[in-house]
Every structure is written in C-alpha cells, then in structure tokens.
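Here is how the chains run, residue by residue.
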Amino acid sequence: MKSVSELRKRTAFIFLIPVTIVLLSSALYPLISTLYLSLTDAELENFLDPNYVGFINYLENYEGMWYGVLADSLFWNSVRNTIVFSVFSVSLEVILGISFALIMLIENKLKWFVRAAVLIPWAIPTIVSARMFEWMLQDQFGIFNYILIGMGIIEQGKAWTTDPQTSMIVIIIIDAWKTSPFVAILVYAGLKALPNEVLEAGKVDGTNGITQFYYIILPLILPAIAVAIVFRGLDALRVFDLIYLINAGSKDIMSMTVYARREMFEYSHFGFGAAASTMLTLIIGVIAVIFIQRTRLHKLDEME
Amino acid sequence: MADININTVNKYFGDVHVIKDVSLDIKSQSFTVLVGPSGCGKSTMLRMIAGLEDINSGTISIDGQVVNDLPPKQRNIAMVFQSYALYPHMTVFDNMAFGLKLEKRSKDEINERVNEAARILQIEDYLQRKPKQLSGGQRQRVAIGRAITRKPKVFLFDEPLSNLDAALRVQMRVELAKLHNELEATMIYVTHDQTEAMTLADDIVVLDTGIVSQKGSPLELYDKPNNMFVGGFIGSPKMNFISSKILSKSSDATEVDIMGMSKISIPKMSASSSEGDSVSLGIRPEHLVVNGDSDGSWESKVFVVEKLGDVTYLYLEKDGEPLVAETEGHSEIKVGDTVKVGFPAGRCQLFDSSGQAFK
Numbered sequence: 001m002k003s004v005s006e007l008r009k010r011t012a013f014i015f016l017i018p019v020t021i022v023l024l025s026s027a028l029y030p031l032i033s034t035l036y037l038s039l040t041d042a043e044l045e046n047f048l049d050p051n052y053v054g055f056i057n058y059l060e061n062y063e064g065m066w067y068g069v070l071a072d073s074l075f076w077n078s079v080r081n082t083i084v085f086s087v088f089s090v091s092l093e094v095i096l097g098i099s100f101a102l103i104m105l106i107e108n109k110l111k112w113f114v115r116a117a118v119l120i121p122w123a124i125p126t127i128v129s130a131r132m133f134e135w136m137l138q139d140q141f142g143i144f145n146y147i148l149i150g151m152g153i154i155e156q157g158k159a160w161t162t163d164p165q166t167s168m169i170v171i172i173i174i175d176a177w178k179t180s181p182f183v184a185i186l187v188y189a190g191l192k193a194l195p196n197e198v199l200e201a202g203k204v205d206g207t208n209g210i211t212q213f214y215y216i217i218l219p220l221i222l223p224a225i226a227v228a229i230v231f232r233g234l235d236a237l238r239v240f241d242l243i244y245l246i247n248a249g250s251k252d253i254m255s256m257t258v259y260a261r262r263e264m265f266e267y268s269h270f271g272f273g274a275a276a277s278t279m280l281t282l283i284i285g286v287i288a289v290i291f292i293q294r295t296r297l298h299k300l301d302e303m304e
Numbered sequence: 001m002a003d004i005n006i007n008t009v010n011k012y013f014g015d016v017h018v019i020k021d022v023s024l025d026i027k028s029q030s031f032t033v034l035v036g037p038s039g040c041g042k043s044t045m046l047r048m049i050a051g052l053e054d055i056n057s058g059t060i061s062i063d064g065q066v067v068n069d070l071p072p073k074q075r076n077i078a079m080v081f082q083s084y085a086l087y088p089h090m091t092v093f094d095n096m097a098f099g100l101k102l103e104k105r106s107k108d109e110i111n112e113r114v115n116e117a118a119r120i121l122q123i124e125d126y127l128q129r130k131p132k133q134l135s136g137g138q139r140q141r142v143a144i145g146r147a148i149t150r151k152p153k154v155f156l157f158d159e160p161l162s163n164l165d166a167a168l169r170v171q172m173r174v175e176l177a178k179l180h181n182e183l184e185a186t187m188i189y190v191t192h193d194q195t196e197a198m199t200l201a202d203d204i205v206v207l208d209t210g211i212v213s214q215k216g217s218p219l220e221l222y223d224k225p226n227n228m229f230v231g232g233f234i235g236s237p238k239m240n241f242i243s244s245k246i247l248s249k250s251s252d253a254t255e256v257d258i259m260g261m262s263k264i265s266i267p268k269m270s271a272s273s274s275e276g277d278s279v280s281l282g283i284r285p286e287h288l289v290v291n292g293d294s295d296g297s298w299e300s301k302v303f304v305v306e307k308l309g310d311v312t313y314l315y316l317e318k319d320g321e322p323l324v325a326e327t328e329g330h331s332e333i334k335v336g337d338t339v340k341v342g343f344p345a346g347r348c349q350l351f352d353s354s355g356q357a358f359k
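One line per chain: the protein sequences are G and V, in this order. Number 81 in my numbering belongs to position 81 of the first sequence; there are no gaps in the numbering. Number 161 in my numbering belongs to position 161 of the second sequence; there are no gaps in the numbering.
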C-alpha cells in the first residue's frame with residue numbers, strides 16, 4: 001500500500017514526462033548541437049563531416065595575431081549594440097507601459113476603446129510595423145521629414161533609419177511603440193489586483209496622486225514590473241527581426257543575433273557562427289541570472 | 001472636540017438610493033455605533049464621513065466645518081478597515097508612521113508617537129515585522145495603531161472585529177472600550193453585530209435600508225424600541241413577535257389577547273389604534289416566565305431545548321406562531337413537555353400593523 005504523498009509524486013512525475021521530452025528535443029538538442037558545431041571547422045562544403053578544432057572559433061593566436069569571435073571587433077560592437085538597445089528600449093517600454101496601464105485604469109465611456117487601442121501595435125506583425133516606420137521616416141517622401149521641414153526644423157529630408165547617428169534611436173522607438181502594450185497589460189493586471197482598501201487607507205493617511213503612486217502603488221506592482229522586465233529584457237537581448245528588417249548590414253545597429261546569422265548563413269561559417277551563437281546564449285544567460293537574483297524574482301512567493 | 005453633524009444626507013449608487021435623508025448629531029468624544037443588517041447603508045455612511053464616498057445632497061460637518069468636498073486627509077479623521085488594509089510592503093513601524101511621514105513630521109516626533117501607540121496596543125515587539133508575519137489579531141492592533149499615531153479628532157471603524165475569531169473579538173472589544181476612555185476621541189463604529197453595538201456604544205444608531213430607524217443609548221433601544229425592526233434587531237435571541245388583536249382600550253393601557261388563550265392589559269398606548277386592530281405583541285425570551293404565574297400566559301409543547309449552561313432556551317410553537325423562552329441553566333424541561341409561559345405586562349411591547357411601537 002502506497003502512501004498518498006507517494007502516489008501524488010508519481011502522478012506529478014507522469015504528468016511531467018511529455019513536457020520534458022518536448023523541452024529536451026526542442027531546446028536541449030539544438031543547444032548541444034550548436035555547442036558541438038562551434039568546436040568544429042564546419043562550413044558549407046564539409047557540413048556533414050566537420051573536423052573538431054577545439055576553441056579556435058572562439059579565440060586563437062595565429063602568428064602573433066588574434067582570431068576568433070572574441071577577437072572580432074564587429075562581434076563586440078554587436079554586443080554593445082544589443083545591450084544599448086535592450087537597456088534603452090526596455091526602460092522606455094516600462095515607463096510607457098506603466099503610463100498606459102494607468103490611463104487604462106481611468107473609468108469612463110471610452111475605456112473599452114483605450115484598452116483595445118493600446119493593444120493594436122502589439123498585434124501588428126513586426127514586418128508591417130518596420131515597413132510602416134521605414135516609410136514614415138523615409139528621406140524623400142516620409143511624412144516625418146515632411147512635417148519637420150514644414151515646421152522649419154530641418155532644411156532637407158534626413159534618412160533616419162540609415163543615418164548612423166539616428167538608426168539606433170529609431171529602432172528603439174519602433175520597438176517601444178510595438179511592445180509597450182505588453183508591459184502595459186502586465187502592469188494593468190497588477191494594478192487591478194491592488195487591494196482597494198489599502199489605497200483608501202492611504203487616502204485617509206493623506207496621500208495625493210503622486211505620493212500614492214510612489215509609496216503605495218509602485219512598491220506593490222514591482223513584482224509585475226520585474227516580470228515584465230525579465231520577459232522584455234530577454235526578448236530585447238535576442239532582438240533580430242526588427243534590426244534585420246530595418247538595416248541588416250549596418251554595423252551601427254547590428255545585434256548579436258544578426259551577427260551570428262550573417263556568419264552562419266551569409267558567409268557559411270557554421271562553426272564560427274555557432275561560436276557566436278553560444279556566446280550570445282552565455283551572455284543572455286548570465287544577465288538573466290544576475291537580474292533574477294537581484295530582483296529576488298524567484299522568491300516572489302515569499303515577498304509581499 | 002469634534003461634533004459631527006449630518007444633515008439630510010442622500011446617497012445614490014446609480015439608481016439605487018442607499019442613504020435616504022439621514023440626519024444625525026454625534027457628540028464630541030462619544031462612541032457611536034452604526035448598526036444594521038447588510039445593505040442597510042451603514043458602511044456607506046461611514047465612508048461618506050471619511051470622505052471616501054461623495055455625498056449626493058445634504059451636508060456633513062465635523063467640528064462645525066462642512067467637509068463635503070474635503071479629501072479625507074483634511075477631515076482630521078482616521079479609519080480602521082475591516083480587512084485591516086495594512087501596507088503589505090511596509091514594516092509595522094512604517095505602517096504606523098506613514099501618515100506622519102506624509103505630514104512631514106520630524107523623525108523624533110514620529111518615533112515617539114509610533115512607540116507610544118505601540119506601547120498602548122502592546123505591539124512593541126513586532127515593529128520591524130511585515131504585516132504578513134502577524135496574526136489576525138496583531139494586524140488588527142497595527143491597523144488601530146496606525147489610526148492612533150495621527151491623533152485624529154475622529155476615529156472611524158468599519159467592522160474592525162469581524163475577521164477575528166470569537167475569543168479575540170471579545171478581547172479586542174474590551175480593549176477598544178478602554179482605548180476610547182484613554183483617547184477621549186469621537187469614535188464612530190460600524191458593525192452588524194448587535195453585541196458589539198450594545199457593549200461599546202454610548203449611542204447606537206440603527207439603520208434600516210438607508211433610514212435611521214432609531215438612535216439612542218443601548219438600553220433605550222433594548223427597553224423602548226421605536227418599531228419592530230429595532231425590537232427584532234437588538235437582543236439575542238431575537239424578540240418574540242406574536243400576532244394579536246386589540247380587545248379594548250383604556251386611558252393608560254391596551255388590552256390584547258394572547259392566541260385566544262388569555263388576555264393581557266399592557267400599559268402602552270397608541271392614539272391611532274382602535275379596538276379590533278391587528279397588532280404584534282413583542283416580548284424578549286428572557287422576560288417570559290416559564291411555568292410560573294404572570295399577567296397573561298400561553299401553553300405549548302417544547303420542540304427544541306438548547307442548553308447553554310447559564311441559560312436554557314426553549315423553542316415552542318402553537319398554531320404556527322413560534323416562541324422562544326429563556327429559563328434557568330439547569331432546567332429539567334425536555335423536548336415534548338408542555339410548558340406554560342407567562343407574559344409580564346410591563347415587559348411587553350405592542351406594534352401596530354406598520355410596525356410602529358405603542359408608547
């Protein structure tokens with residue numbers, strides 16, 4: 001006769017088997033095969049039968065010169081771009097997301113419209129929003145330049161998406177426009193879950209709009225914000241589509257993913273590209289672990 | 001010093017008229033309990049005094065100043081909520097200090113006031129804990145402490161004890177009574193529990209569907225209910241109501257019958273009543289005389305016996321009219337026995353068909 005808790009454990013184990021199999025085959029296998037590929041000299045010609053070459057795809061000193069991903073200034077440039085993009089876009093999205101969420105809370109006849117409208121940018125496919133912004137920012141016919149010229153701020157159209165000075169800013173703004181709704185929905189759910197009596201107790205204690213937000217609402221929705229930051233942060237560190245669509249070749253905005261893809265599929269340096277991909281995974285992993293530790297997100301249950 | 005004057009106040013939630021022309025004068029430093037069944041508007045009344053609900057018409061003044069349009073913080077009030085409503089992310093100390101911090105008081109003053117409140121409520125040991133680490137009773141104390149530290153003129157309590165278990169509720173009730181004596185503040189207390197109302201109040205206000213049914217001291221309400229609603233609401237077990245008819249009227253008494261079994265002359269009058277009118281005779285279980293002689297009587301079989309130790313409740317019924325009688329704790333009466341209950345005329349109430357009491 002088995003005890004109830006043993007039976008429960010066994011049931012739990014059975015339920016976990018399918019998802020474990022799916023995860024192992026869809027995540028662990030590609031991860032390991034990429035890791036393996038990065039230690040070979042695989043290119044298009046010998047893809048099926050590559051030679052093990054150790055870590056030379058990562059770093060190698062050949063006749064006094066350094067080679068490999070870690071010695072490639074373009075790689076480090078892409079790391080820098082990715083981090084700049086992630087920090088600024090996620091920060092902007094959190095600020096905008098909280099603002100939208102607060103606006104969505106306002107009770108009036110238009111609330112259903114506001115709630116639906118907020119979601120539209122999130123629903124539009126990236127390819128569409130990227131092309132949309134490209135056209136709006138186009139140097140000759142774009143409405144943005146037209147308005148700026150009309151207002152006398154600039155004299156002639158500027159190619160915002162290809163100009164090295166502005167292209168990063170442009171993709172950050174497009175990304176923020178597109179994904180702030182995601183943050184807004186998460187924060188909105190957090191706001192909706194706030195206990196009303198606590199806010200009322202605050203009013204009796206003398207809070208006004210600003211002090212109420214700063215001392216009561218913000219600390220209480222911090223877990224929701226942290227979740228949003230983790231999701232958005234990991235997404236941003238892996239950003240590919242938007243940058244690829246706006247300007248795949250520009251080193252000013254090239255992200256780690258775009259760099260790895262170019263090595264692998266444009267130059268057919270599979271081993272080298274796999275090494276770049278592995279570095280990308282490592283960097284994201286380290287950042288994620290540090291962030292989750294710092295925000296104590298894994299101890300969310302114990303907070304409150 | 002803070003009198004509260006409520007003058008013909010009305011409140012609607014959409015189309016629902018929840019407070020109807022309520023006028024009340026609450027004396028400074030009194031302990032007033034708003035009591036009534038759920039949905040009677042008592043919490044809404046309290047929230048309007050707090051400034052958490054708008055007032056549709058009428059005025060509320062605190063200390064002579066009309067506060068209709070003042071936010072809660074300018075009304076010099078503090079409120080204790082049913083759910084305690086502590087700030088979950090702050091320590092007990094910070095919970096209690098929050099209002100003072102917003103008022104930009106000095107650190108020393110905040111420390112002094114919080115420690116003083118903590119001492120009164122015996123929560124000094126928990127000051128650095130978070131609300132989650134406290135029991136229900138401790139959280140309740142913190143909620144009260146948060147109210148005390150700000151030294152408001154008026155304390156508002158919204159069913160503060162209803163989330164506590166029975167033993168703790170009795171204990172906190174006594175402490176609240178003590179606190180009222182110590183703080184000399186005006187306290188308004190909402191509850192649906194008539195025991196809390198009876199034990200704590202200087203004045204009880206019974207609300208019934210948005211109307212003040214009666215206001216008075218606990219014993220006034222107990223002895224002289226204005227109407228059947230108050231008669232039935234105050235007292236536990238409830239007052240018995242028996243349908244009856246007026247047999248005759250004299251200059252200072254009304255004679256009615258008791259289930260055709262006996263007649264009783266009750267020293268109460270109503271000018272609008274006349275012979276033959278249907279009335280309700282009200283008498284509390286504790287005033288019935290079991291198996292003894294009294295002014296009127298009725299006989300019935302006993303259906304249920306509840307022995308509580310100090311008293312025994314007998315549940316009787318005759319021709320569809322139920323009656324609860326109280327007798328001594330160690331009563332020998334068993335289910336199925338027939339008992340005779342006596343009605344002392346001086347303890348009987350009469351209510352006309354609209355529920356208004358004879359005086």
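Heads up, a few of these hints could be off.
Subject to a maximum C-alpha distance of 27 angstroms in a straight line, what follows is the list of computed DSSO-like cross-link-like pairs (lysine-lysine) [claimed, not checked]:
#, chain 1, residue 1, chain 2, residue 2
1, G, Lys192, V, Lys107
2, G, Lys203, V, Lys153
3, G, Lys203, V, Lys263
4, G, Lys203, V, Lys27
5, G, Lys203, V, Lys340
Which residues of chain V face chain G? A partial, calculated answer using Cβ under 10 angstroms [to be verified]:
#, residue
6, Val16
7, Pro72
8, Ser83
9, Tyr87
10, Ala143
None of these hints come from the bench; they were simulated from the model. In this text, a Cβ means the ideal position worked out from N, Cα and C, and glycines have one as well.
Now for the hints, and whether the structure bears them out:
Between Lys192 (chain G) and Lys107 (chain V) the CA atoms are separated by roughly 34 angstroms; this puts the pair beyond 27 angstroms, and the hint is violated. Our distance criterion of 27 angstroms between C-alpha atoms is met by Lys203 (chain G) and Lys153 (chain V), whose separation comes to about 17 angstroms. For the hint linking Lys203 (chain G) to Lys263 (chain V), the alpha-carbon distance of about 60 angstroms lies beyond 27 angstroms, and the restraint is violated. Straight-line distance between C-alpha atoms of Lys203 (chain G) and Lys27 (chain V) comes to about 25 angstroms, which keeps the hinted pair within the 27 angstroms bound.
Taken as a hint, the Lys203 (chain G) and Lys340 (chain V) pair is broken in the structure, with Cα atoms around 59 angstroms apart against an allowance of 27 angstroms. Because the beta carbon of Val16 (chain V) sits about 18 angstroms from the nearest beta carbon in chain G, more than 10 angstroms, this interface hint is broken. For Pro72 (chain V), the suggested interface contact is upheld, since its CB lies about 5 angstroms from the closest CB of chain G, less than 10 angstroms. Taking 10 angstroms as the C-beta contact cut-off toward chain G, the hint placing Ser83 (chain V) at the interface holds, the least distance being around 5 angstroms.
Residue-level restraint check for Tyr87 (chain V) holds (minimum Cβ-Cβ distance to chain G is 6 angstroms; threshold 10 angstroms). Checking Ala143 (chain V) against chain G: minimum C-beta separation of about 8 angstroms stays under 10 angstroms; hint holds.
Hint compliance for this structure: hints 1, 3, 5, 6 are not met, and every other hint is.
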